[in-house]
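Visitor: Here the working numbering runs 89 ahead of the position in the sequence shown, where the first position is 1.
Rather than coming from a laboratory, the hints here were simulated on the basis of the structure. On a predicted model such as this, the values are computed, not experimentally measured, just so you know. Cβ coordinates follow ideal geometry from the N, Cα and C atoms, glycine included. Not one of these hints is a red herring.
Cβ pair distances, simulated, as ranges:
no. : residue 1 : residue 2 : range
1   : Arg112    : Thr224    : 12 to 20 angstroms
2   : Tyr236    : His161    : 16 to 24 angstroms
3   : Ala173    : Ile216    : 30 to 38 angstroms
4   : Thr122    : Leu239    : 17 to 25 angstroms
5   : Tyr130    : Ala171    : 40 to 48 angstroms
6   : Val163    : Ser138    : 35 to 43 angstroms
7   : Leu215    : Lys177    : 25 to 33 angstroms
8   : Gly203    : Arg233    : 29 to 37 angstroms
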Amino acid sequence: MTTDTKAPEQNKPWNRYQQLYVRYLSAILMDLTVINLFDEYWDAVVINSFSISLLAAILLQIMLQASIALEHHVGSFVQERAGAHGRKARVFSAWAVLFVSKLVILEALSFTFGDEVQFIGMYHGLIPFLTIVITMLAAEALMRWVYHALGRTTGAQPAQT
Numbered sequence: 090m091t092t093d094t095k096a097p098e099q100n101k102p103w104n105r106y107q108q109l110y111v112r113y114l115s116a117i118l119m120d121l122t123v124i125n126l127f128d129e130y131w132d133a134v135v136i137n138s139f140s141i142s143l144l145a146a147i148l149l150q151i152m153l154q155a156s157i158a159l160e161h162h163v164g165s166f167v168q169e170r171a172g173a174h175g176r177k178a179r180v181f182s183a184w185a186v187l188f189v190s191k192l193v194i195l196e197a198l199s200f201t202f203g204d205e206v207q208f209i210g211m212y213h214g215l216i217p218f219l220t221i222v223i224t225m226l227a228a229e230a231l232m233r234w235v236y237h238a239l240g241r242t243t244g245a246q247p248a249q250t
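Could you put the whole structure together from the sequences, leaning on the hints where they help?
Guide: Dropping the structure here:
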C-alpha cells in the first residue's frame with residue numbers, strides 16, 4: 090500500500106502501522122479462504138475446524154513473510170560474493186531458500202497442529218501443501234493487483250463518509 094492512501098473516516102493519510110494492519114489482515118483472510126476452499130473441495134487437505142484453519146492461516150502468513158525476508162537477505166549476500174555469476178547464484182539461492190522454507194513451514198504446521206491439519210498425498214503431503222501455498226500467493230497477488238488497478242481508475246474519487 091502506498092503512503093498517500095487516505096483513511097476515509099479521518100481524511101488523513103494512513104500511518105505505516107495502519108497500512109501493515111490492513112495488508113496483513115487482508116492477506117490472512119485471503120489465506121484463510123484458500124485453505125478452507127481446499128479443505129472443502131480436495132480430500133488431500135483435512136482441517137478439523139474453522140478455528141484451526143484461522144490459526145494455520147496466521148502461522149502460514151508469518152512464516153511466509155519470514156521466508157521471503159530470509160530469501161532477500163541470503164540473495165543479497167550471495168550476489169555480493171559471487172562475482173561474475175552473481176545473478177545466477179542469487180536465483181539459485183532464492184530457489185533453495187524458498188523451497189527449503191516450505192518444508193520447514195510444513196513441519197511447523199505438523200508440529201503445531203498435529204492431526205488437526207493434514208496434507209495427504211505424495212511426499213508426505215508436500216504436493217497438496219505446495220499447491221495451497223502457490224494458490225495463496227497467487228490469490229494475494231491478484232488481490233493486490235485489483236487494489237492498485239482500482240486506485241489507477243480514471244475519475245476515481247476518495248470515499249466520502
